[in-house]
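Peer 1: Quick note, the sequences are listed as chains V and Z, same order. 1 is the number of the first residue of the first sequence in the working numbering; add one for each residue after it. 1 is the number of the first residue of the second sequence in the working numbering; add one for each residue after it.
Be aware that one or more of the hints could be misleading.
[Unchecked claim] To give an idea of the chain V side of the interface with chain Z (calculated C-beta under 7 Å), a few residues:
(1) D446
(2) R450
(3) T453
(4) G796
(5) W800
(6) R806
(7) A815
(8) V1124
(9) L1131
(10) P1135
[What the hints assert, rightly or not] According to the in silico footprint, chain V covers these stretches of chain Z (three or more CB under 8 Å from chain V):
(11) 3-10
(12) 100-114
(13) 147-154
(14) 324-333
Since the hints were made in silico from the structure, they are not lab data. In this text the structure is predicted, and so the values were computed from the model without any measurement. C-beta: ideal position from N, C-alpha, C; glycine also.
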Amino acid sequence: MPLPSPRGLYDPSLERDACGLGFVADLRRPASHDVVAKGVEILRRLAHRGAAGCDPCTSDGAGILLQLPHAHFERVLGRAGIELPNEGDYGVAQCFLSRNRTTCAAEMRVLEDAVRHHNQKVIGWRNVPVDETVVGPLGRASMPAIMQLFIGRMCPAPAFERTLFMIRKRAGSKASEAGLNAFYPASLSSKTVVYKGLALPERLEAFYLDLREQETRSKFALVHSRFSTNTFPTWERAHPYRRIAHNGEINTLRGNQTWMRAREALLESEAFGEHMADFKPIIRPGGSDSASLDNVVDFLVSAGGRTLPHVMMMLVPEAWEGHDDMPPERRAFYEYHASLVEPWDGPAALLFTDGTYIGATLDRNGLRPLKYVVTASGFVVAASELGVVDFEAEDVIEKGRLQPGRMLLVDVARGRLVGDDEIKHEVATHQPYAKWLEDNKIELADLPARAATAPLSAEERRRRMRAFGYTREDLRVLMAPMATNGEEPVGSMGNDAPLAVLSDRAQPLFRYFKQQFAQVTNPPIDPIREKLVMTLGSCLGGEGNLLAESPEQCRLLELEQPVLTNDEFAKLVGGLEDFRVAVLPIVFDARTANPGEALDRALVELCAAAERAVDDGASIVVLSDRSIDQTRAAIPSLLATSAVHHALARAGKRMRAGLVVETGEVREVADLALLVGYGAGAVNPYLAFEAIDGLDVDTPRNARGENYVHALDKGLLKVMSKMGISCLSSYQGAQIFEAIGLGSETIARWFPGTASRVGGIGLGEIAHESLLRHAAGFDAEIEPTANDEDALDAGGVYAWRVGGERHLWSPRTVAALQKAVRLEDAASYDEYARAINEQGDHPYTLRGCLDFVPVGPPVPISEVEPAAKIVRRFATGAMSFGSISKEAHENLAIAMNRMGGKSNTGEGGEDDARFVPLPNGDSKRSAIKQVASARFGVTAHYLVNADELQIKIAQGAKPGEGGQLPGHKVDETIARVRYSVPGVTLISPPPHHDIYSIEDLAQLIYDLKCVNARARVSVKLVSETGVGTIAAGVAKAHADLITIAGHDGGTGASPLSSIHHAGTPWELGLAETHQVLVLNGLRERVRLQADGQLKTGRDVAFAALLGGDEFGFATAPLVASGCVMMRKCHLNTCPVGVATQDPVLRARFKGTPEHVINYFFFVAEELRAIMALLGFRTVDEMVGRADCIVPRSLEHPKARLLDFRDLLHFADGGAKGGEGRADQFAAPELPLSLGSSSTDESLLDGARLSLKYGEPTTVQITLTNADRAFGARLAGELARKYGAQGLPDGTIVVEAKGTAGQSFGAFAVHGMLLVLEGDANDYVGKGLSGGVLAVRPPTRAVFKAHENVIVGNTCLYGATSGKAFFAGRAGERFAVRNSGAIAVVEGVGDHGCEYMTGGTVLVLGPTGRNFAAGMSGGIAYVLDEERTLASRCSKAMVDLEPLTADDEEIVRLLVEEHVQHTRSARGRSILAAWGKRRFVKVMPHEWRRVLQLRKTGS
Amino acid sequence: MGDPKGFLKVGRVEEGDRAIDERVRDWHEVHLAAPMDQVRSQASRCMDCGIPFCHQGCPLGNLIPEWNDLVHRGRLDEAVRRLLATNNFPEVTGRVCPAPCEASCVLNIREEPVTIKTVERTIADYAFAAATSDGGPLRPRPAARLTGKRVAVIGSGPAGLAAAQQMARVGHGVVVFERDDRVGGLLRYGIPDFKMEKAIIDARVTQMRSEGVTFRTGVAIGSDVRGDQLRRDFDAVVLALGARTPRDLPVPGRELPEVHFAMDYLVQQNRRVAGDAEDEARAILATGKHVIVIGGGDTGSDCVGTALRQGAASVTQLELMPRPALVRVPNNPWPEWPLVLRTSSSQEEGADRDWSVSTRSFRAESGRLVSLEATRVFLEGGKMRPVPDGDLSLPCGLALLAMGFTGPERGGIVEQLGVALDPRGNVRTDASGATSVRGVFAAGDASRGQSLVVWAIADGRRVAAGVNAWLEQQPVAHAVGA
């Protein structure tokens, strides 16, 4: 059941998934059908976490893994006259086979042959009985034949499971050889069997008749319900796999796959002997991330020597690096294994089993939820959510959640639950790892000192700077801030310079690559506030056999971070006797007549030399361009690195040596990230160090190098964290980049595995550009002047400069546009539009390389829909009030409201006063309300005052990063609207802490639709390869509109490296999204918006033809309002009052709504002319008509090599197989309805009098985990009717019982009191807007409430006011970004009170690690009885101090209120012994400052 | 950048001119050099714009934000280098340029631009002062290697000089021909000393000689040396002849001896100031006369200042076009050059100005000019029409015609070389400055038409690059040093 083959921009390898999962195990009783039934029940209760695509009866996959149901098999086979051996003496292959009879027979033969090859006995085949009608047409179409082969044991029992593994591998490889691609054994084991497929999770049991049989018994059941981004879910991609089930995403997959492949050459195993060849590749190509991980786990466990927990610990280690509390032997275990294998990193909740053990673990970040319950009756249930299996209240003895990096294990055979410490201690003491490390690990300090190469002469330094393409801008704008402040520089207003492949200037090869980043399916990380999970440490040297464990395997050089100073590098080159270093020059002939050929030859020789060096025993291979001179030019270091990395890997030699690059080319973070991303273990940017020495800055020379390395490291962490990767060793070689403008041959040969969607240049052009630079350095006169800057080019990349890089925004275009809109001067607009549109032979953008081609006769322009109708499709970009001034922000809103378009609040909330129309009929209300990661001012009232709610996942200028608003722009008003503190820099978290995966996004969309059913929900993504697949998932999560933003979009403040080096043009992302949605049959569900440096009607026309229904503009309307591209937004000094909060400067704002409206009408009229020419009367007809675009023929030596075939692939048809004509894609403009939930209905019904008249009511209700966002609908209705102030406290009292689903009490408003007896899942009180929540354990519960978890992760995220009382512990990130709510809880997990800016949190119990990280406001009180807070608190922004008398009073009153709402035993005992407990106050520095200011009244 | 908020803390301050009653009594420069600390604080007002519109305003692409910052930080040596990187003669533009950079400065949205011109002049003055002590930033920069190619530059105005300097520095053998007795062209003889004293040209000539440029003054190309000769002796020829044909005023009385072209008048006075003995019989002097200057531009202003210094009884300046607005009109928005009323230092010294005046005739009594007869006009449908009853008569003893120039002198070398002209009569060139004749290039007013010094320098640099590129493809025809 293969996925569709690649077509257009669709690439099946980009599929993503995420899900719900769980297991149930019975510790006491023998195997039972009850356990199977409970497993099925879990599936049913997690159905909402899975998804279905355009066919509502086909799921993305569901499955269950059981112990072999011997009794059942014995009976059914017996009926067929086959006698089964005893339990354990046979294995079962659960196979997906071709439905074609002949092929099926061949596949069966292959498996049988493999059984015989390994001398086992073929007992017989069985058709697995299924009810096909249960599955929808899509699922049925791809359904395999499902059969079981029973295999008799003919070897000693201990070897049987391994033999079965070998049979499976052999059969797999023989099947591939024979082209039998449908052959897929879902499981092949003597212990377990997997039933999985595309039935809806709640109907899996109806599909597989076996599951209903009473004799189908097991001691455990492991289940999984899948949410895939596409609608070509395939049967084999359903979970569970053979060993694991996974919720989340492995971000480092590409690196893991490459490294695993590289290690294969070194693998040796006694157990496998000569069969090893059957196992390669260990990771089956084309599998998902989960399948790949399963392959590796399966292989390592089957090879023996390591237990399943051991394997899980080495592949998915917890964050041990900065963890001082960790037992030393465990640290040693992790450190040792770090030299064997890099972490499989990414958000992961993993369930694993070998039939004897069943366990669960979370990755180091713990971003996927996993809750567990242990009952007195002997059940252990672990699942994504609480409440998936019902137990009597008094039966529950423990309720908890798995914490980041922790493991939970059930020993099924012995009927024992094993805790994290016990398992890990056992594994960690398996060998004397600490001693091994001590004896073998090498540190830089251990290497003999060696003098560094002498500094270059000034002339030579300048020659090299020129030869490596340094510009004055590099020195001044990039490197000087790094060398002086240790920070990467910040810029603003996006990027309007040409792509490297379109530039007329010789570009470093680095510039052809763009960083990829996480969006939706996996979260980015905040590398600053959550640095405890991040590490730049790595090991350099040769690795050994992964299957062995020996002391020598850690004979490696340990590095704290990958940048080597010139002194450190000299030391490294010295090496040791048994640790030798080979230095290979990376140069090619600069005097050649055929540069491309010379470069090619040099690369081939280099790779051969590297292989020889490894063969000769080098532990480290250094690639060095030191030796360049007049006749020898440098090979681009990235090209050399990737070439050698891949060549060694292909030759099976990569793991025998580390790779270090000594280069003059690297100067900024993006360069370093690329080298590491393509395999370098360490980099010595020698020329950069010399360049910063030569800088004319005040920082002393000796501090500059340190600052510079610090800045590089910080930047590298940021680049890694953008992708959600925590460890350098996982980032190394992971190739998390895509290329724009590199030809397919170049990619295939030198950068295999890298996406490059529009082709481009080859080695010839690369060599030519290198030689141009080289000549500028070595063939030119270098004037002897006092400083380096004079010897260099201006640059002009970050800002327009005469003689520098070209920019679309130039004095000419800005001036002409402003003149046009101010004077309503069409001639000036034409001048502007021509300057932007007519790019001639010097294109700036991909669309600049394209032209229109009419596919029908033109139509008279009078028949084209009027501009007034077109402008309704226009929206202004998400620019926050804060980043731009009140004047500019409101001006845009009024303009857009007047013309029926939409303006966007941006991330900064919105002043309530703007919701009320002005007397003249104008409105300052932004139609689009953004919901971004910081949730500034996201209240119920804010949400109901919107026509569209936009979830910002990423932003073009800094995808994968949070927004930032510098403190000097946060005045009183902005702080009020954002519920934050004046003067304090506001950092938005890089991820939404309630969106770590696609099903989380579905949840947030659900939440928002509950609050405001009238608004459409849009999701803003940034263009990158694979965005179409993400968008398909977003569409399935019920978004109404998806924005695809280009990489070049504006920003008020962003690191320059993010503005320039991440993301791709919207043309690519939009086309891919449209194509993938059409292919999936999802295009009609969702509208698409294009966004990113749209400037003219021509731009809009291309956006429509490539699939856009709507169009976002930001920079251009700002320019129309007076912006002159100062690029000083981040400094608050905008001289035209646009992007500043300085009242003096704001007074200079001269824009009017008319200016903005004039601009949009000019654009619409220009578009109409194009429509007439192309023969379209309406924009709807244009959407997706890529057949109306052709590439222009260009003279530009690089641009002419681009290949637009995939971009211009005309998507028709698709999953629905219908006609799918482009003009039928138009999705509804109005929001999709969610349907209703019965509990919500009864709540609304129960509270109707309150809603209508404000009368008090009490409602009683029972909840299950399927009742999500309980209360949100009522909150929305109340906010709509009663505004921000809501109703008097306690007007509506809800008494609920049971386990609440996610987002319990989300956005609850004043007047709502929700009391829940039971427990609740994640996101309790999300966006709490004045309501009061109380959650308490059932009265009959016997467990100790304060030691057990009662609410899940990320509670009170973005709460702005209200109160919450939880009689038990909460999960991770309690009260994250709380800005006003008051909460009492009896213990919290990691990252409590993160990014908090206001409110009060009282924790009557322990906190996890990283408490108060990024906390700038509000106060937390912690009952710190074990005195652990000090070590677990992140003290960068807060002080810990004793309580004052006032504080004591506050705390006592809160505890009293807590007891009153929850009857908390904990609370009562504290009150009983008042004054004897040790409370600590957590006080943010900034908050103290503000309180003092308020006190003094200034 | 030095101080991102500088523009909020410091207002625009323009350094003064010398007092009028003092300055009209001599020929020294009117404009005062600004004190260094003031210049530094003024330079701090530069905002280092994301789009430096000043770059667009300046034809040279002067790296204004960069040297503003360097001056602000007191790094003057670097500022000199950065300034000289794009401008061969900042000491000239710092004095006589109308500063389109300031017009397009983003701070000029509020009409308080950075004092870019003053900063430029300050840097240039610093460079000159440094040159006197230790050779400093103005030391010659001769080419390291000679190319063996020879280039003739015809004309030693700003375009010719800039081209010559650029070409000499890449190693070509450059000979500059000047028909006057001194080098400088319009710079020397067109601009009065009270705007720019001429020592700065001499310093440049000295520097350029050390860089290998040969100056041959008093040689009239076209007559002393003919075109074919020039082509034989040189690998390339650059015509930097200027646009010396003045626009005439063919009205009755034009032939009177008291009616002169402005340039004839200004050249005489410049020679006089330089110490040349003039033939007093042919002297054009304003002393005691009612002087009328026709033409409201810079040349007219120069005549005004010169006449006042010569002791004219009165000076009146007439302009055909209507009086510009006092402030920008909406359809002339920033960053366009503001078409507003400007008052030059010379006008400030005591000229009457009148607009919308069209001269009908010069009236003589006894063969001597006594008055100028004119009519008030208004613009209608692109034509000037007389205002009814708008005749006026102004007493006049000396009339100076400063109505611009119509192009290069067309006979002589232009004809001999056979270069094609554009419709306006200027030498036609492509983007590299090449004319229709291989190896012959043109720059400055000769190809552009009458324009600013800053454009001439920019053209000179561009044509030098064009010549270099062209010569690179030519075989060596002359021995080094020939």
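Peer 1: Give a verdict on every hint.
Peer 2: Now the hints, each set against the structure:
1. Proximity of V:D446 to chain Z is violated relative to the hint, the smallest CB-CB distance being about 45 Å (cut-off 7 Å).
2. Residue-level restraint check for V:R450 is violated (minimum Cβ-Cβ distance to chain Z is 37 Å; threshold 7 Å).
3. A least Cβ separation of about 28 Å between V:T453 and chain Z goes past the 7 Å threshold, and the interface hint is therefore violated.
4. Restraint check, V:G796 versus chain Z: the minimum CB separation of about 10 Å is more than 7 Å; hint violated.
5. Residue-level restraint check for V:W800 holds (minimum Cβ-Cβ distance to chain Z is 5 Å; threshold 7 Å).
6. With a least beta-carbon distance of about 12 Å to chain Z, the hint placing V:R806 at the interface is violated under the 7 Å criterion.
7. A least Cβ separation of about 5 Å between V:A815 and chain Z falls short of the 7 Å threshold, and the interface hint therefore holds.
8. Annotation: interface hint on V:V1124 holds; nearest CB of chain Z at approximately 6 Å, less than 7 Å.
9. For V:L1131, the suggested interface contact is upheld, since its CB lies about 5 Å from the closest CB of chain Z, less than 7 Å.
10. A least Cβ separation of about 6 Å between V:P1135 and chain Z falls short of the 7 Å threshold, and the interface hint therefore holds.
11. Only when three residues or more bring their CB closer than 8 Å to a CB of chain V does the claim for the segment 3-10 of chain Z stand; here the count is 4, and the claim holds.
12. Here's how the segment 100-114 of chain Z fares: 5 of its residues keep a CB closer than 8 Å to some CB of chain V, so the rule of at least three is met and the hint holds.
13. Given a C-beta distance limit of less than 8 Å, the hint that chain V covers the segment 147-154 of chain Z is violated, as 0 residues qualify and 3 are needed.
14. Counting residues of the segment 324-333 of chain Z whose C-beta sits closer than 8 Å to any C-beta of chain V gives 3, which meets the bar of three, so the coverage hint holds.
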